[in-house]
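*Asks:* In case you want the letters, here they are:
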Amino acid sequence: MKVFVFLFILTLLCVTANAQSGQSPLAPPKVPAASPAASVSGTSLKVGAKAPDFALPNGDGKLVVLSDYTQRTPVVLIFYRGFW
Amino acid sequence: MAEDYDKFKQAGGELIAVSVDEQSYAWSMAQTTGARFQILSDVDKKTIAQYGIVNAAEHGGIAHPSVFILDKQGLIRYMHVGKDPQDRPTDEVILEELRKVAAAKS
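Residue numbers (my numbering), protein chains in the order written: chain A, 1 to 84; chain B, 1 to 106.
Everything labelled a hint here was simulated from the structure, so no lab data went into it.
Glycine included, C-beta positions come from ideal geometry on N, C-alpha and C.
Treat the hints with care, as some may be off.
Stated by the list, open to error - Here are the simulated lysine-lysine pairs, DSS-like style, with alpha carbons at most 30 Å apart:
no., chain 1, residue 1, chain 2, residue 2
1, B, K46, A, K46
2, B, K7, A, K50
3, B, K83, B, K7
4, B, K7, B, K72
5, A, K46, B, K83
6, B, K9, A, K46
7, B, K45, B, K72
8, B, K72, B, K83
9, B, K9, B, K46
10, A, K62, B, K7
11, B, K7, A, K46
12, B, K100, A, K50
13, B, K72, B, K46
14, A, K62, B, K72
15, B, K45, A, K62
16, B, K7, B, K100
17, A, K62, A, K50
18, B, K83, B, K100
19, B, K72, B, K9
20, A, K46, B, K100
21, B, K46, B, K83
22, B, K45, B, K83
23, B, K46, A, K62
24, B, K72, A, K50
25, B, K45, A, K46
26, B, K9, A, K50
27, A, K50, B, K46
28, B, K83, B, K9
29, B, K9, B, K100
30, B, K72, A, K46
31, B, K72, B, K100
32, B, K45, A, K50
As the list claims (entries may be wrong) - What the simulated footprint calls covered on chain A by chain B, stretch by stretch (three residues with Cβ under 8 Å from a Cβ of chain B suffice, anywhere in the stretch; the number is not a length):
no., stretch
33, 42-49
34, 58-65
35, 68-74
Stated by the list, open to error - Cβ-Cβ distance ranges computed for the label pairs, FRET-style:
no., chain 1, residue 1, chain 2, residue 2, range
36, B, S24, A, K50, 12 to 20 Å
37, A, K50, B, V93, 17 to 25 Å
38, A, L63, B, E92, 29 to 37 Å
39, B, Q86, A, D68, 28 to 36 Å
40, B, D6, A, K46, 29 to 37 Å
Using the sequences plus the hints, can you model the full thing?
*Replies:* So, in structure tokens, the structure goes:
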């Protein structure tokens with residue numbers, strides 16, 4: 001009986017393994033949808049161009065609008081990697 | 001960066017930092033660094049895509065470390081898009097560029 005159960009589990013494992021590998025036989029790594037527009041360092045912005053406006057939340061969940069700042073003062077906008 | 005914030009203010013500008021971190025990270029970042037400037041979350045990466053600075057090769061897309069200095073018209077007066085974390089201008093360079101922008105009649 002034990003052997004039977006063991007074989008049964010083994011078969012089950014094989015089936016799931018096959019199913020998984022069947023999904024991605026040597027499939028290329030998934031590329032995020034956002035990437036085609038912006039590959040590595042492919043900015044189209046340049047000095048003199050208008051900086052795209054944005055509204056993003058800060059740590060308190062408050063939306064911060066870039067143009068609210070630039071209307072009043074020059075802005076140093078820093079993009080950093082984050083906690084990676 | 002946080003300790004140089006006063007220098008940025010004195011140079012006549014405001015500092016805004018953006019990453020693709022969750023808001024909670026932005027919050028803890030603000031707490032741990034004692035930052036008094038805005039630290040914003042671009043979780044869906046829309047803004048870094050708009051700026052064309054998505055580093056798709058890493059972690060499913062994070063920002064290339066970049067600096068933009070904008071004038072009061074919202075125009076880019078200085079920019080640097082870094083290839084890696086080491087590739088970024090020093091605070092002194094940024095401050096110098098900021099002073100130029102702040103001094104310019106606009």
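*Asks:* Hints first: check each against the structure and report whether it holds.
*Replies:* Hint check:
A distance of roughly 19 Å separates the Cα atoms of K46 (chain B) and K46 (chain A); the hinted pair therefore holds under the 30 Å criterion. Restraint check for K7 (chain B) and K50 (chain A): the C-alpha separation of about 25 Å stays at or below 30 Å, so the hint holds. Using a Cα cut-off of 30 Å, the hinted pair K83 (chain B) and K7 (chain B) holds, with the two alpha carbons roughly 26 Å apart. Among the hinted pairs, K7 (chain B) with K72 (chain B) is consistent with the structure: their alpha-carbon atoms are about 19 Å apart, no more than 30 Å.
For the proposed pair K46 (chain A) and K83 (chain B), the alpha carbon gap of about 16 Å is at most 30 Å, so the pair holds. Simply put, K9 (chain B) and K46 (chain A) have alpha-carbon atoms about 25 Å apart, close enough for the 30 Å limit, and the pair holds. Under the criterion of a C-alpha separation no larger than 30 Å, the hint pairing K45 (chain B) with K72 (chain B) is consistent with the structure, at around 25 Å. Between K72 (chain B) and K83 (chain B) the alpha-carbon distance is near 28 Å, which keeps this suggested pair within the 30 Å criterion.
The hinted pair formed by K9 (chain B) and K46 (chain B) meets the criterion: a straight-line CA distance of about 28 Å does not exceed 30 Å. A C-alpha spacing of about 25 Å is found between K62 (chain A) and K7 (chain B), which places the hinted pair at or below 30 Å, so the restraint holds. Distance hint between K7 (chain B) and K46 (chain A) is fulfilled; the C-alpha atoms sit about 26 Å from each other, no more than 30 Å. This hinted pair checks out: K100 (chain B) and K50 (chain A) have alpha carbons roughly 18 Å apart, not beyond 30 Å.
Distance restraint check for K72 (chain B) and K46 (chain B): the Cα-Cα separation of roughly 23 Å lies within the 30 Å cut-off, and the hinted pair is therefore satisfied. Note on K62 (chain A) and K72 (chain B): the hinted pairing holds, with a Cα-Cα distance of about 22 Å set against a maximum of 30 Å. Between K45 (chain B) and K62 (chain A) the CA atoms are separated by roughly 18 Å; this keeps the pair inside 30 Å, and the hint holds. Annotation: proposed proximity of K7 (chain B) to K100 (chain B) holds, straight-line Cα distance about 14 Å (limit 30 Å).
Of the pairs offered as hints, the one joining K62 (chain A) and K50 (chain A) holds, with about 24 Å between alpha carbons and a cut-off of 30 Å not exceeded. Note on K83 (chain B) and K100 (chain B): the hinted pairing holds, with a Cα-Cα distance of about 25 Å set against a maximum of 30 Å. The straight-line distance between the Cα atoms of K72 (chain B) and K9 (chain B) is roughly 15 Å, inside the 30 Å bound, and the hint therefore holds. At roughly 17 Å between alpha-carbon atoms, K46 (chain A) and K100 (chain B) fall within 30 Å of each other, so this suggested pair holds.
Restraint check for K46 (chain B) and K83 (chain B): the C-alpha separation of about 20 Å stays at or below 30 Å, so the hint holds. Using a Cα cut-off of 30 Å, the hinted pair K45 (chain B) and K83 (chain B) holds, with the two alpha carbons roughly 18 Å apart. For the suggested pair K46 (chain B) and K62 (chain A), the alpha carbons sit about 17 Å apart, so the restraint of at most 30 Å is met. With a CA separation close to 11 Å, the supplied pair K72 (chain B) and K50 (chain A) stays within the 30 Å bound.
Proximity of K45 (chain B) to K46 (chain A) is assessed by CA-CA distance (about 20 Å); at most 30 Å being required, the pair is judged to hold. For the proposed pair K9 (chain B) and K50 (chain A), the alpha carbon gap of about 23 Å is at most 30 Å, so the pair holds. Restraint check for K50 (chain A) and K46 (chain B): satisfied, since their Cα atoms lie roughly 17 Å apart, inside the 30 Å limit. Only pairs whose Cα atoms come within 30 Å are accepted, and K83 (chain B) paired with K9 (chain B) is accepted, the gap being roughly 27 Å.
Restraint check: the Cα-Cα separation between K9 (chain B) and K100 (chain B) comes to about 14 Å, which is no more than 30 Å; the hinted pair holds. For the proposed pair K72 (chain B) and K46 (chain A), the alpha carbon gap of about 17 Å is at most 30 Å, so the pair holds. Distance check on the hinted pair: K72 (chain B) and K100 (chain B) sit about 13 Å apart at the alpha-carbon level, within 30 Å; holds. Simply put, K45 (chain B) and K50 (chain A) have alpha-carbon atoms about 19 Å apart, close enough for the 30 Å limit, and the pair holds.
Under a criterion of three residues with beta carbons nearer than 8 Å to beta carbons of chain B, the stated coverage of the stretch 42-49 of chain A is upheld, 8 such residues being counted. Counting residues of the stretch 58-65 of chain A whose CB lies closer than 8 Å to any CB of chain B gives 5, which reaches the minimum of 3, so the coverage claim holds. Closer than 8 Å: that is the beta-carbon criterion, and the stretch 68-74 of chain A has 6 residues meeting it against chain B, so the requirement of 3 holds. The supplied range of 12 to 20 Å is broken by S24 (chain B) and K50 (chain A), whose beta-carbon atoms lie about 32 Å from each other.
The hinted range of 17 to 25 Å is satisfied by K50 (chain A) and V93 (chain B), whose Cβ atoms lie roughly 23 Å apart. A C-beta distance of roughly 32 Å is found between L63 (chain A) and E92 (chain B), which places it inside the suggested range of 29 to 37 Å. For the pair Q86 (chain B) and D68 (chain A), the supplied restraint of 28 to 36 Å holds, since their beta-carbon distance comes to about 33 Å. At about 30 Å, the CB distance of D6 (chain B) to K46 (chain A) agrees with the hint of 29 to 37 Å.
Checked against the numbered hints given earlier, this structure breaks only hint 36.
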